[in-house]
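J.: Going down the list, the protein sequences come from chains A and B. Position 31 (the first sequence) corresponds to 31 in the numbering used here; numbering is contiguous. Position 243 (the second sequence) corresponds to 243 in the numbering used here; numbering is contiguous.
By construction, these hints were calculated from the structure, which means they are not laboratory data. If you're wondering where the values come from, they're calculated on a predicted model, not measured in any experiment. Beta carbons are placed, not taken as given, at the ideal position from N, Cα and C, and that holds for glycine. Treat the hints with caution; some may be incorrect.
What the hints assert, rightly or not - Using 20 Å as the maximum straight-line C-alpha spacing, the simulated EDC-like pairs for lysine to aspartate or glutamate come out as follows:
(1) K50/A to E278/B
(2) K47/A to E60/B
(3) K65/B to E52/B
(4) K47/A to E41/B
(5) K58/B to E48/A
(6) K46/A to E36/A
(7) K46/A to E140/B
(8) K61/A to E41/B
(9) K117/B to E88/B
(10) K67/B to E62/A
(11) K78/A to D353/B
(12) K61/A to D294/B
(13) K61/A to E88/B
Stated by the list, open to error - Simulated restraints, written as ranges between beta carbons of each label pair:
(14) E65/A to F27/B: 43 to 51 Å
(15) E182/B to S73/A: 24 to 32 Å
(16) Q228/B to E65/A: 41 to 49 Å
These are the residues of each chain, in order.
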Amino acid sequence: MMYQHWRGERAGVLLKRGMCESSLQSLMAQDLSEKELLRMEVEQLKKEVKNPRAPISKTGKEIKEYVEARAGSDPLLKGISEDENPFKEKGTCVTS
Amino acid sequence: MCDQTFLVNVFGSCDKCFKQRALRPVFKKSQQLNYCSICAEIMATDGLHENETLASLKSEAESLKGKLEEERAKLHDVELHQVAERVEALGQFVMKTRRTLKGHGNKVLCMDWCKDKRRIVSSSQDGKVIVWDSFTTNKEHAVTMPCTWVMACAYAPSGCAIACGGLDNKCSVYPLTFDKNENMAAKKKSVAMHTNYLSACSFTNSDMQILTASGDGTCALWDVESGQLLQSFHGHGADVLCLDLAPSETGNTFVSGGCDKKAMVWDMRSGQCVQAFETHESDINSVRYYPSGDAFASGSDDATCRLYDLRADREVAIYSKESIIFGASSVDFSLSGRLLFAGYNDYTINVWDVLKGSRVSILFGHENRVSTLRVSPDGTAFCSGSWDHTLRVRKTSFHFAV
Chain A
1 MMYQHWRGER AGVLLKRGMC ESSLQSLMAQ DLSEKELLRM EVEQLKKEVK
51 NPRAPISKTG KEIKEYVEAR AGSDPLLKGI SEDENPFKEK GTCVTS
Chain B
1 MCDQTFLVNV FGSCDKCFKQ RALRPVFKKS QQLNYCSICA EIMATDGLHE
51 NETLASLKSE AESLKGKLEE ERAKLHDVEL HQVAERVEAL GQFVMKTRRT
101 LKGHGNKVLC MDWCKDKRRI VSSSQDGKVI VWDSFTTNKE HAVTMPCTWV
151 MACAYAPSGC AIACGGLDNK CSVYPLTFDK NENMAAKKKS VAMHTNYLSA
201 CSFTNSDMQI LTASGDGTCA LWDVESGQLL QSFHGHGADV LCLDLAPSET
251 GNTFVSGGCD KKAMVWDMRS GQCVQAFETH ESDINSVRYY PSGDAFASGS
301 DDATCRLYDL RADREVAIYS KESIIFGASS VDFSLSGRLL FAGYNDYTIN
351 VWDVLKGSRV SILFGHENRV STLRVSPDGT AFCSGSWDHT LRVRKTSFHF
401 AV
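My request is simple: use the sequences and hints to build the entire structure.
T.: See below:
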């Protein structure tokens, strides 16, 4: 099951993330049997099947409306003028 | 503002497995015992399934997964981009780098904004954690961690402390002090202890609690003051790489992503997984809630970003292109939720139109992988950190309409 795969793959995962072999830490000891893990998965799936759901035509519409209501005040969407820009280029000082 | 209180379990040795965990009372033949959440879960199902075999459980799991897919498919009546058909298309963007933060001696792995929309904390492979003033590019604080690969860092909501951790398997909190005579490292507080690397951390609504994710496959909620474990979250089948807390208005949940390709939504009070999504084809490196809290985006090594709608309980958009073949390491939304910024391992940042599913801009500049990316709290800028040792703060100069 997933768990057995995981132990073997963990070394691969850490290496993939660019770490050198010497920094691999010890694997977590998890002494649940495969049967116990599967039983927990079955119980979890039973719960999830019962979750309330709404159609995308409804929820997608709400996402769209959320965006439209706020698009006007989204600085990364609209861009902001140099006056309001806290990151604008610093001017040079002129001393008389 | 009062802090939310979570059920503080008794912490101690589980009566079944004897591990040091957060415990809850269970009743067995009218005797009260204290079990950890895993043993309690197992006990709840014990005795009800005497004649189960491994095979019967496997087939039950498969048929339930099929049922879940069926239920989810029933509500897939339209695609998100169809709902957004009449929304005006976005034109050309000009997004310029306004500040480049230089000072890290090695790969930048993580960054976070302070609520003051100005300060940034960043952490690096060389063990250094730096607090910057992004307006002036000055380094305000720097601390050297005892470990390398500081993979996680976070700013406290008050702006008075930072949290960080990595290969030391811990999450430590450092109060920020401007007193030149005080050594920041001396005030360090070790809060979280995992059995493998710390991959992500985040304060909750206050400075008092921290949520962590780890290579040991779990997430955990900790009390900062006492270091006590308040709740643990088990369910990922491999390293957890990222987490994000729901916006405070939506309640006490958070989402996590892992090397098991799953994104899981958790109830912080009960420790239970509420919803799980397994549509990515590789590790999920980054998860971020949509500003409304009704959806979240993920970025993965499979070179795609995806949007999951929590109320429709399914994936509703995939942001991908054939030309994009490198993994997405980090994602974040603009203020309105119209734009999704994603940093990739091919050194670029792609900007996606969340509603229409198309890419609206590609940003160059970093000279190595983009490892971390966050939009500022007021949405005026976004900052990206890279393996090229720098951080870049960018803003939109112009948006030319179509």
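J.: Would you mind marking each hint as holding or not holding in the structure?
T.: Outcome of the hint check:
1. K50/A to E278/B: Holds - the C-alpha atoms of E278/B and K50/A are around 18 Å apart, at most 20 Å.
2. K47/A to E60/B: Answer holds: K47/A to E60/B is near 14 Å, not above 20 Å.
3. K65/B to E52/B: holds, 18 Å
4. K47/A to E41/B: Roughly 13 Å separates the two Cα atoms, so the pair holds.
5. K58/B to E48/A: holds, 17 Å
6. K46/A to E36/A: holds, 15 Å
7. K46/A to E140/B: Violated, at roughly 51 Å.
8. K61/A to E41/B: Roughly 38 Å between the alpha carbons, so the hint for K61/A and E41/B is violated.
9. K117/B to E88/B: violated, 30 Å
10. K67/B to E62/A: violated, 27 Å
11. K78/A to D353/B: holds, 14 Å
12. K61/A to D294/B: holds, 12 Å
13. K61/A to E88/B: holds, 15 Å
14. E65/A to F27/B: 43 to 51 Å: holds, 49 Å
15. E182/B to S73/A: 24 to 32 Å: The hinted range 24 to 32 Å is violated for E182/B and S73/A, with Cβ atoms some 40 Å apart.
16. Q228/B to E65/A: 41 to 49 Å: Roughly 43 Å apart at Cβ, these two residues keep to the hinted range, so it holds.
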